[in-house]
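Enquirer: Okay, here's what each chain looks like letter by letter:
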Amino acid sequence: MTGAWTWLTTGANWSGSGGVPARLLEHLWYTFLALAIALVIALPIGAAIGHTGRLTGLVSGLANALRALPTLGLLILLALWGLGTFKGDIALLGPAIAVLAILAIPPILSNTYAGIAAVDPATRDAAKGMGMTGREVLTKVELPVALPLIMSGIRSAFLQVVATATIAAVVSLGGFGRYVIDGNSQQNYSMMVAGAILVAVLAILGDRILALIGHFVISPGLTGRKVRARATTSDLVVAIEQEGGSAVLEPANRAGGDR
Amino acid sequence: MINFDDVSKIFGEGDHRTAAVEDLTIEIPTGKITVFVGPSGCGKTTSLRMINRMIEPTSGTVLIDGVDTRSIDAPKLRRGIGYVIQNAGLFPHRTVLDNIATVPVLDGQSRKAARAVAAELLERVGLPESMGSRYPAQLSGGQQQRVGVARALAADPPVMLMDEPFSAVDPVVRAQLQDEFTRLQAELGKTIVFVTHDIDEAVKIGDRIAVFAVGGRLAQYATPAEVLSHPADDFVADFVGHDRGYRALSFTVAGNLPVRDEPTLLLGSTADPSLVPPDAQPSDPYWVLVVDDARQPRGWVDARRITAGRPLGLGDLVLGGSLVGPQSSLRTALDAALSSPSGRGVAIDADGRVIGTVEARDVLDAIETARVAQGLLDAADQRPVSGAPAGDAEQAAAAVPS
Amino acid sequence: MNWNWLNRNTDQILSWLLAHLWLAALPTLLGLLLALPLGALAFRYRWSYATLITLAGLLYTIPSLALFVVLPGILGTRILNPINVVVALTLYTVALLVRVVADALDSVPPLVRQSATAMGYRPIRSLITVQLPLAIPVIGAGLRVAAVSNVSLVSVAALLGVPQLGQLFLVGFQLNFYTPIVAGIVLCLLVAAIFDTIILVAVRIATPWTRAVSHR
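Chains as they are written, first to last, in the numbering used here: chain E, -8 to 250; chain B, 9 to 410; chain R, 98 to 313.
Check the hints yourself; a few may be wrong.
[Unchecked claim] Calculated cross-link-like contacts (lysine-lysine; reagent style DSS-like; alpha-carbon spacing at most 27 Å):
id: 1; chain 1: B; residue 1: Lys120; chain 2: E; residue 2: Lys131
id: 2; chain 1: B; residue 1: Lys198; chain 2: B; residue 2: Lys84
id: 3; chain 1: B; residue 1: Lys84; chain 2: B; residue 2: Lys40
id: 4; chain 1: B; residue 1: Lys40; chain 2: B; residue 2: Lys120
id: 5; chain 1: B; residue 1: Lys120; chain 2: B; residue 2: Lys84
id: 6; chain 1: B; residue 1: Lys84; chain 2: E; residue 2: Lys131
[Said to hold, decoys possible] Pulled from the structure, derived: some chain B residues nowhere near chain E, Cβ distances all over 10 Å:
id: 7; residue: Ala28
id: 8; residue: Ser67
id: 9; residue: Thr69
id: 10; residue: Glu128
id: 11; residue: Gly134
id: 12; residue: Arg252
id: 13; residue: Ser277
id: 14; residue: Ser337
[Claimed, not checked] Here are a few chain E residues that sit away from chain B, every Cβ distance over 12 Å (derived from the structure):
id: 15; residue: Pro35
id: 16; residue: Pro112
id: 17; residue: Ser176
Don't read these hints as lab results, they were simulated from the structure. Don't be surprised by glycine CBs; every beta carbon is placed ideally from N, CA and C.
Please model the entire structure based on the sequences and the hints provided.
Expert: Laid out in structure tokens, this is it:
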């Protein structure tokens, strides 16, 4: 452990293309890219499914199935395919980002559609009855009200991607995972632990920042909502299957359900 | 004015064909509250929602002021119609003020101007200004419902649709909301279609009542008094329920009931049992009306139980029930007599001052006179039993001096 | 798919499969056993709920690889020791299930809890014989998620030399060969499916009253 501390305080490790800042930027870049792709795909689909209420079973099942896929296997599988199909950097980067994006989709998709489906039907009815078009109902009412769950999904996805990006170092990607993988092959345990610590800090800080953003973006009228209703068993079962493995275990969502 | 022209709503096909609304033709007058009432599955809500095209008719036409609703783009149509539903359906992510300001903003008004209008409306529905910055989750059911009404009024639409707006709150709050709503309507004069399953609510607030039967059939369309006194068929009679004869009395003004003089005692004065006349029945209490300095009735006291020399206090009094004022109905007059310990209902003037008492037998005489007068009018008019509204015959009968 | 290669290496694959099975199953069970009392505590004592859940959240935020790397230093084991995996995954499972257990207990209708107390049940007995059984469906849902996640997470440890199905991926990568990779993925999915089904069936068996209602 002290070895890791030494490693982290060595100036040399903070400069150059293998230095901490450089790796940090790589890691962030992969994360950002994968999340962006996942959002572009999952948000509209999730919104559409939640809005119309169809295909929920299918989507739920798919999301669950994806969770079962071994990330390492998927990374390597696509990396090999990439190497055989493309030349240059894109050969490994492309497939890796693709895997990261694929793994980021289920939490965002699940939570988006759950969030939208959970909008009180009376609220939807009132919005339509007041003269909002379908699109206006979605953008002005359903999405804002679903925002807490959507943000929760984004946070889950973020953690998923950060974790998988770390592993992606095995297929020659950069990022903090490099320290772990390289450290392993060089038998440099200090470097490995340093890398592990850096990843953990990145994950925790990133999650906190996203939570803060969520706090500002989500209407204050919504945060108290979950306090009123007591969840039924089936609600919870569905919620768990959707948020599944959601790393966003937040007490703020549930400060005492008793009325 | 809203017109339903042979409107039907059919669900399903062939063997599974169900009619939610069947060949509805009805004219809803401008500036009045028309209540659609009936049991579950009678099509009242479906009919309501066909006005703002939340549900599209299978056949027939709905016209607002002569314009076919289908000729206007649906969202645009709805912006011109106020819509209040059960549980309010407020947007949880917006403040109360922003909720109320929704339609004006949708129509393109500046948020600032819309919020100003919203603030006024907030006051109008009886809520404090401070509530504007709160969120729906912080409001009680009754408060949310008021915000819902304010929201529907924001764009000042001529027509308002209300779907069981007061059903989700407890009876005390509901009565308050009904009263305030009636007061509001007196100021605003909107064309309102109100749906409820509660016949008492319908009778209380409606200018006209449309009673729907299961299967979407319009059973009767008349004034509340008419529905209570002349139900069109067995279904309506049954739906209106028991006591309808008694309840119908609330639609006839008592008018000129004979008011007898009543000796009174002043609250706070001293009296003694000697004022009980010797010929009074020894076993019965001898009730005397007690008034205060402003000659407002405060209650009845049994003269036999007065402690001589001690000033009369509120604790000595037995309270009576209703009071008969100049505008009171026969129902109130009868209740005033029945709920008073002495059997004499207290009659007051427009300022609340005691002018005398009314006895039950006088009210019953007045009821009989009104009944006979109405019978004569019915025969003269050869009035149809169902469909068309009864008109103002009731008021004419009540004006006949007893 | 090169079936010959699979045939030749069946023994190795089977030994990895077995290792994977117990590396995934053990933490899931251990995690459940630890999460039950912790979750019950969080549920019973509201003030502890926030702290426990925050800690759990923090733990769950840490990427698996990081945890696999750091634990040997703390535990004093060698880095490719499977114990690291078991401890790490147990921690994850506990982190996930504590909240699930607390929420599951909360979903039991308060009236049931109150009538049990009114009939004279002591708190612990009420918890174990009345509330927990009713909380089983929700806990089961969480357990399925944990089990399936664990199967995937175990394979990551191959990067540190731990023998299990994940090694198939590394072998394939080194040999530039799809067969072991596909085999590894398929077997992982199979294991995940089996665990999922076992838990599902177990939940159904343990809750005969839900079955009685649905067959109306």
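Enquirer: All hints are to be evaluated individually against the structure, with a verdict given for each.
Expert: For each hint, the structure was consulted:
no.	hint	verdict
1	Lys120/B <-> Lys131/E	holds (18 Å)
2	Lys198/B <-> Lys84/B	holds (19 Å)
3	Lys84/B <-> Lys40/B	holds (23 Å)
4	Lys40/B <-> Lys120/B	violated (32 Å)
5	Lys120/B <-> Lys84/B	holds (22 Å)
6	Lys84/B <-> Lys131/E	holds (17 Å)
7	Ala28	holds (17 Å)
8	Ser67	holds (23 Å)
9	Thr69	holds (21 Å)
10	Glu128	holds (19 Å)
11	Gly134	holds (21 Å)
12	Arg252	holds (33 Å)
13	Ser277	holds (53 Å)
14	Ser337	holds (37 Å)
15	Pro35	holds (20 Å)
16	Pro112	violated (8 Å)
17	Ser176	holds (52 Å)
Hints 4, 16 from the list above are not met by this structure, while the remaining hints are.
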